[in-house]
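Next come the chains, spelled out residue by residue.
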Amino acid sequence: QSALTQPASVSGSPGQSITISCTGTSSDVGGYKYVSWYQHHPGKAPKLMIYDVSKRPSGVSNRFSGSKSGNTASLSISGLQAEDEADYFCSSYTTTNSFGGGTKLTVL
Amino acid sequence: QVHLVQSGAEVKKPGASVKVSCKASGYTFTDYYIHWVRQAPGQGLEWMGWINPNSGDTDYARNFQGRVTMTSDTSISTAFMELSRLTSDDTAMYYCARVGYYYETKGPFDYWGQGTPVTVSS
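Taken in sequence, the protein lines are chains A and B. First residue of the first sequence: 1, per our numbering; consecutive thereafter. First residue of the second sequence: 109, per our numbering; consecutive thereafter.
No wet-lab data here; the hints were simulated from the structure. Since the model is a prediction, treat every value here as computed from it, not as a measurement. Yeah, the Cβ is synthetic: ideal placement off N, Cα and C, and Gly gets one too. Hints are supplied without guarantee of correctness; some may be wrong.
Unchecked claim - Using 27 angstroms as the maximum straight-line C-alpha spacing, the simulated BS3-like pairs for lysine-lysine come out as follows: (1) B:K214 - A:K33; (2) B:K120 - A:K44; (3) A:K104 - A:K47; (4) A:K44 - A:K55; (5) A:K47 - A:K68; (6) B:K127 - A:K44; (7) B:K120 - A:K55; (8) B:K214 - A:K68; (9) B:K214 - A:K44; (10) A:K55 - B:K214; (11) A:K68 - A:K33; (12) A:K104 - A:K68; (13) A:K44 - B:K131; (14) A:K33 - A:K47; (15) A:K104 - A:K33; (16) B:K121 - A:K47.
Said to hold, decoys possible - These stretches of chain A come out as covered by chain B in the derived footprint (C-beta under 8 angstroms, 3 or more residues): (17) 47-55; (18) 81-93.
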């Protein structure tokens, strides 16, 4: 049982936008700005896509954005591309490190 | 560029120990904390703990205290994670990851190793 709750899967067609949610509590997601999102292609190292709720590391496409409302953080991807198909997981890094269970994104 | 390269796949019997390495390059190894995370088949990620490669200070997740030991060898820029008294529940992919903030214990993981699969089977 992961500490943070994510939907198991989402899907979208090329060019569309999708949003992945990550729900925690006021002790983690809701209480701090310390939420990150990772993209994980099977067999490869996970890649940091968003940190501190909404900041993008250098080199990450601006099609990826992050936000938070209450105890739920969200990752949005606009203009879906085939290469976006991957697992995405959220993380909260407060007094401890918590992860979501991961969401499989399928680009139809 | 920054790279974290982990050691290869391991197969162990129940009750044995496993030691996974994580060799860093492209940055000053002692400037950034290393965390270890694992993912069992079909499960989410589980945080195991961190090490300060410079001082050797560690902090382990409660679930692993007494069974995990994290060390570092600054002469070869390598962090190690040893897990003892293995059971089938320890079958997982093990990752090392670097905290993206200079000399901070916690933060986003800006670089990850490629993962080391560990299988525990009799």
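Hint by hint, here is what the structure shows:
As the CA atoms of K214 of chain B and K33 of chain A are separated by approximately 13 angstroms, the hinted pair is consistent with the 27 angstroms bound. Restraint check for K120 of chain B and K44 of chain A: satisfied, since their Cα atoms lie roughly 23 angstroms apart, inside the 27 angstroms limit. Distance restraint check for K104 of chain A and K47 of chain A: the Cα-Cα separation of roughly 15 angstroms lies within the 27 angstroms cut-off, and the hinted pair is therefore satisfied. As the CA atoms of K44 of chain A and K55 of chain A are separated by approximately 23 angstroms, the hinted pair is consistent with the 27 angstroms bound.
Among the hinted pairs, K47 of chain A with K68 of chain A is consistent with the structure: their alpha-carbon atoms are about 20 angstroms apart, no more than 27 angstroms. Between K127 of chain B and K44 of chain A, the direct Cα distance comes to roughly 21 angstroms. Compliance with the 27 angstroms bound is thereby established for this hinted pair. As the CA atoms of K120 of chain B and K55 of chain A are separated by approximately 41 angstroms, the hinted pair breaks the 27 angstroms bound. A C-alpha spacing of about 20 angstroms is found between K214 of chain B and K68 of chain A, which places the hinted pair at or below 27 angstroms, so the restraint holds.
Between K214 of chain B and K44 of chain A the CA atoms are separated by roughly 23 angstroms; this keeps the pair inside 27 angstroms, and the hint holds. With a C-alpha separation of about 16 angstroms, the suggested pairing of K55 of chain A with K214 of chain B holds against the 27 angstroms cut-off. About 9 angstroms separates the Cα atoms of K68 of chain A and K33 of chain A, which keeps this hinted pair within 27 angstroms; it holds. Distance hint between K104 of chain A and K68 of chain A is fulfilled; the C-alpha atoms sit about 20 angstroms from each other, no more than 27 angstroms.
Among the hinted pairs, K44 of chain A with K131 of chain B is consistent with the structure: their alpha-carbon atoms are about 16 angstroms apart, no more than 27 angstroms. This hinted pair checks out: K33 of chain A and K47 of chain A have alpha carbons roughly 19 angstroms apart, not beyond 27 angstroms. A C-alpha spacing of about 24 angstroms is found between K104 of chain A and K33 of chain A, which places the hinted pair at or below 27 angstroms, so the restraint holds. Of the pairs offered as hints, the one joining K121 of chain B and K47 of chain A is violated, with about 32 angstroms between alpha carbons and a cut-off of 27 angstroms exceeded.
Coverage of the stretch 47-55 of chain A by chain B holds. Counting CB-CB distances below 8 angstroms, 4 residues qualify, and the rule asks for three or more. Residues of the stretch 81-93 of chain A with a Cβ under 8 angstroms from some Cβ of chain B number 3, which satisfies the need for three, so the listed coverage holds.
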